[in-house]
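Top to bottom, those sequences are chains A and B. 781 is the number of the first residue of the first sequence in the numbering used here; add one for each residue after it. 167 is the number of the first residue of the second sequence in the numbering used here; add one for each residue after it.
Treat the hints with care, since some could be wrong.
To give a feel for the contact side, a few chain A residues facing chain B, derived at Cβ under 7 Å [to be verified]: (1) Q833; (2) N834; (3) E852; (4) E863; (5) Q865; (6) H875; (7) A879; (8) V883.
Chain B regions said to be covered by chain A (calculated; three or more residues, Cβ under 8 Å) [claimed, not checked]: (9) 178-186; (10) 234-241; (11) 245-258; (12) 385-397.
I should point out that these hints are in silico values taken from the structure, not numbers from a laboratory. Quick caveat, the model's predicted, so the values are computed rather than measured. Beta carbons: idealized from backbone N, C-alpha and C, even for Gly.
Take a look at the letters that make up each chain.
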Amino acid sequence: MSAVVSVTDLTKRYQGVTALDRVSFSLAEHRIHGLLGRNGAGKTTLMQILTAQNFATSGEVSVFGQHPYENEQVLSRISFIKESQTYPSNLRVTHVLRAARLVYSDWDEEFAQRLVDVFQLPLGRNVRKLSRGMLSTLGIVVGLASRAPLTFFDEPYLGLDAVARQLFYDHLLADYTEHPRTIVLSTHLIDEVSDLIEHVLLIDQGRLLLDVEAEALRGQVVTVSGPVAAVDEFARTGSELHRASLGGTARATVRGDFGPAAHDRARSLGLDLEASSLQDIVVRLTTSHNGRAAGSAAAADKEAVR
Amino acid sequence: MNRALTVARLQFVAWRSVVGWPWGILALSFLINLALFSAMNEADDFEPTTGGLMSIYVVMFVASVNAITQDFPFALGLGVSRRSFYLGNVLNYLGQAISYAAVLYLLAVIEEATDGWGVNLTFFGIPFLLVDNPVLRFLGFAIPFLLLGFIGIAIALVFKRWGVNGLLMLSTVALAGIGGLVVLATWRGWWSAIGGWFVDQPGWALLVGWPALLTLLLAGLSYLTIRRATP
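This is chain A alone, in the form it adopts within the complex (with noise of 0.2 Å):
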């Protein structure tokens, strides 16, 4: 598998502020991968650096191949949706929608008019008199009828609800299924995502925490309760990232080589093992100072339950 996008290095930094420090990743094609990271963390600086509408201070980029600045063979094979996108005001949706048909060579107009329908766009009504939640879908579906081979969503359901987002998720899956192509979706919403991404880059502070396939991730870390010297015990076989206790028992969240033994391991200690949805990985590591550090030093950052 080839990889679409090569990023070495990749450094950002505006004034006193570094926004990426020293990131390198590559994404492979036809993949959904999840973006993952709090606010601020450097997530759409670095998907503006790779459609070449920012400017890295240092580092290599190369998407396609190419680098993409100026790069209209590149450009022309993205497409990035993002929450603060905006449109002139003279536009209607309508127009929009005829703006990016002329656009994207891929372009699906039926499948935009049934993604019109479906989220019962007004087709009609000037951009911007749309209220938060329609213009956020009126990027999902160019999005999505763009079939662009390299697509980003970045936070693209803003003012959406639950069943709008579920919608999203579903033809986005749909359409991925039928036409395969490289997706990055940057999102908040890590529990309503985690079936559909199948690699996790996590940054924080302008770091990349976690660049892994999800599948090797789910295993890798688990949450144990029981006694705290049962637990203090299975804690030294990974890196601790999280811990709770109450009285005599503990609920640690340990990051390591987890396979079948371990189970076995924690059942022959007397714990509870289970493996850590992809949102407490997220938050434990986040929020672990330093998520790639021995258990000993995450061990210092222990928590008492409030």
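Since chain A is already given, all that's left is putting chain B on it; use the hints.
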């Protein structure tokens, strides 16, 4: 180049508002003037001249500022390169300048043929634009569209790249520069020489040559600026 054409078409997806505003406002301005001077009922030798034609150029200027503040982020969001966006804009302006100038020329000819719409009104023909050469006369209508368009683009790009501080800095530099030159010219007593230079310039140079040169300069500077602008 294909991509630039796409951008030019992109800017016309809502063509009714693109064409409607400049011509709608010009038509309104014309009708008001026509009504006003018909109502005045002055003597036959009264030949009013209005500045109403300016309105269409002002709309063009405003539209060109909008092109950078609104169309630019939209086009880049759709995966258009800065170069293509810029070239598309140039094509768009050339197309509008040529077609609009042709219509204005035609209206000026009609105005002359009808003795100022029956009321001696000079609306489309402007006295200092009166040259006999039809090509120059056409360019006299067309070039101001391009000049104002690129002034609008240049100013909006300064804002886009350097924000409000950039605009303030530009104003400060312009004020200091022009003010300094005025002081210098007054102090050295250059005004009569400057006046003489203008008088000596042939009509085509003042009407077409210098504005075209300034337009090209602004177009070049704008291109360099947009290359590093972020939407």
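- Violated hints, by number in ascending order, as checked against the structure: 4
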